[in-house]
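**Student:** So you can see what is in the structure, the chains are spelled out below.
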Amino acid sequence: MGDVAIRTDGLVRHFDKFVAVDHVDLAIERGEIYGFLGPNGAGKSTTVRVLCTLLAPTAGTATVAGFDVSSRPGDVRLRIGVALQEAALDAKQTGRELLRLQGLLYGLPKRAMDRRVDELGELIDLTDALDRPIATYSGGMKRRLDLVAALVHNPEILFLDEPTTGLDPASRTSVWAEVRRLNTELGMTIFLTTQYLEEADELCGRVGIINQGRIVAEGTPDDLKRSIGADIIIARVDGDAGPLRAIVEGLSGVQGVEAHGNELVIATGDGPATISPVAVALSGSNVTVRTLTLRTPTLDDVFLELTGTHIERQTTSKDTER
Amino acid sequence: MSTSDVIAPNPAADILRARPAGFLRDVSAIAGRALRAVPRDLEAVTPPIFIALFFFLVNIATLSKLTRAGGAGFVYKAFEMPTAILLGVTGISRAPALVLDVQDGYLDRLLMTPIRRLAILLGHMIADVTVAMALTVPILAVGFLIGVRFKTGVLGVLAFILLAALWSLAFSGFGYAIALKTGNPAAVNSTFLLFFPFLFLTTSYVPRAQLSGWLDTVAGFNPVTYLLEGLRSLVSRGWAWTQLGQAVLAIAVLGTLSMSLCFAALRGRTRRG
Chain A
1 MGDVAIRTDG
11 LVRHFDKFVA
21 VDHVDLAIER
31 GEIYGFLGPN
41 GAGKSTTVRV
51 LCTLLAPTAG
61 TATVAGFDVS
71 SRPGDVRLRI
81 GVALQEAALD
91 AKQTGRELLR
101 LQGLLYGLPK
111 RAMDRRVDEL
121 GELIDLTDAL
131 DRPIATYSGG
141 MKRRLDLVAA
151 LVHNPEILFL
161 DEPTTGLDPA
171 SRTSVWAEVR
181 RLNTELGMTI
191 FLTTQYLEEA
201 DELCGRVGII
211 NQGRIVAEGT
221 PDDLKRSIGA
231 DIIIARVDGD
241 AGPLRAIVEG
251 LSGVQGVEAH
261 GNELVIATGD
271 GPATISPVAV
281 ALSGSNVTVR
291 TLTLRTPTLD
301 DVFLELTGTH
311 IERQTTSKDT
321 ER
Chain B
1 MSTSDVIAPN
11 PAADILRARP
21 AGFLRDVSAI
31 AGRALRAVPR
41 DLEAVTPPIF
51 IALFFFLVNI
61 ATLSKLTRAG
71 GAGFVYKAFE
81 MPTAILLGVT
91 GISRAPALVL
101 DVQDGYLDRL
111 LMTPIRRLAI
121 LLGHMIADVT
131 VAMALTVPIL
141 AVGFLIGVRF
151 KTGVLGVLAF
161 ILLAALWSLA
171 FSGFGYAIAL
181 KTGNPAAVNS
191 TFLLFFPFLF
201 LTTSYVPRAQ
211 LSGWLDTVAG
221 FNPVTYLLEG
231 LRSLVSRGWA
241 WTQLGQAVLA
251 IAVLGTLSMS
261 LCFAALRGRT
271 RRG
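Chains as they are written, first to last, in the working numbering: chain A, 1 to 322; chain B, 1 to 273.
Be aware that one or more of the hints could be misleading.
[As the list claims (entries may be wrong)] Straight line, CA to CA, 30 Å or less: simulated DSSO-like cross-link-like pairs of lysine-lysine:
# : chain 1 : residue 1 : chain 2 : residue 2
1 : A       : 17        : B       : 151
2 : A       : 142       : B       : 181
3 : B       : 151       : B       : 77
4 : A       : 92        : A       : 142
5 : B       : 77        : A       : 92
6 : B       : 65        : B       : 151
Since the hints were derived computationally from the structure, they do not count as laboratory data.
These numbers come from a predicted model, not from an experiment.
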């Protein structure tokens, strides 16, 4: 209990009649990188806004760094850093002015603050740009500045709401490296929301999968993937895959079969041994098989199994920074 | 949860430990930011000054002869200078910038720091008062150049600037109320509609005695009428405490109304429920 950085019990948040967060229970240890994975509209950002004291819970309780977000919001704010989904910057200030203002509001001594601003500028490779108006920054520079603005006061807990959405692969990798460094070198607890499976897989010690406001699964990425089998065979067919379930369900080595639209998802403990019988069985049906793929499970497979839909299909593709 | 459950800060945080900055530091930080933005946002302050100077000079040229009936010692350019000042400072505020903060999410960033909510508003307002005071300077300078003199001397000039700035602050409350309530720049811009009845249904151009019928009645209810009287008294009469008292009261009445709306809107915007 003493090492719990973030805890929610039956957390609920309504917007009028719409239930954005529906009885979410979390217990995140100090020093963890916890990923909150889900499609757009799943309730990730609302949960973050409640934990960051921007929204009050409709029901349930939430404590961050040991303080209740409803009754002790000021104490919570002193201990958290937040980078919300959209970079929250003032384009007319320079990077240095923005970081200094953050430092002032967190009561940092002037000399320490100036040192800190220089350090952070170096950290994100923006030293030369710190005295330019933020309006002149590229999208990636703004995102990096937004991230370090959350770090000025060296928070105990860092909330990152989709920190790499819209970033090019190189910027994404550099954000991941920084998140790892903050966690390993400073022991910072990091609560990260993402719609990218790879990001959750790469960074997070534990992942909570949220859909329609509810946590549908939680565990380490490996445990979650193992929960649906060692291997996955995907058959894409013309038309509805539903009738094919019965054909492959009885085959040796098949642990589970799900049909989703034109996809048949077959969980198996030994993919190489099972794929041939599956191919033979399907070829005997009167449905045309377009592709047959063998791979290890991903978090998307976990999401598919739990919700009946792919996380990536629910997520609107966004332009990456050029 | 007991105090023992509160997690300890990480080691690096000992060096840079966040703490409440204090109300005054919060206010000055926000005011400093708002003031730094003024020279980068000159389009917000240049047109009012231009309009004020334009009407000041044009009205003097147009109406000076017509208003000679004002009596011995009536100097129209002195009469008109307070109107020019109010044209310059009424509606000057950082409310449009606050709307941008709402839209860009920057207000959320501020709200997630330990800053007192009231300091966000007060910081902007202190910047507004400073800007309003600065804006009176070129208008006063032009007035002095064309021969306007204050019967109350330097202290009167300072009182004049202060009253104009306080009026600007009182009026700006409407802009902030709309900014915080709606988060919509178009709605904030619409506050200029309030500007017309306040600034024109009054003694802006001629003395009260020359207003006819309904306009005289309306002017009697318009706080700007009393503000103009107070400002004019500083220029033309000397320390006329009744007029000055009425001017302060007029600002206080309007300010109470606008600030009530403004702080209610702030509570609404920062309410987390």
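**Student:** For a quick check of understanding: which of the numbered hints are violated here, in increasing order?
**Tutor:** 1 and 5
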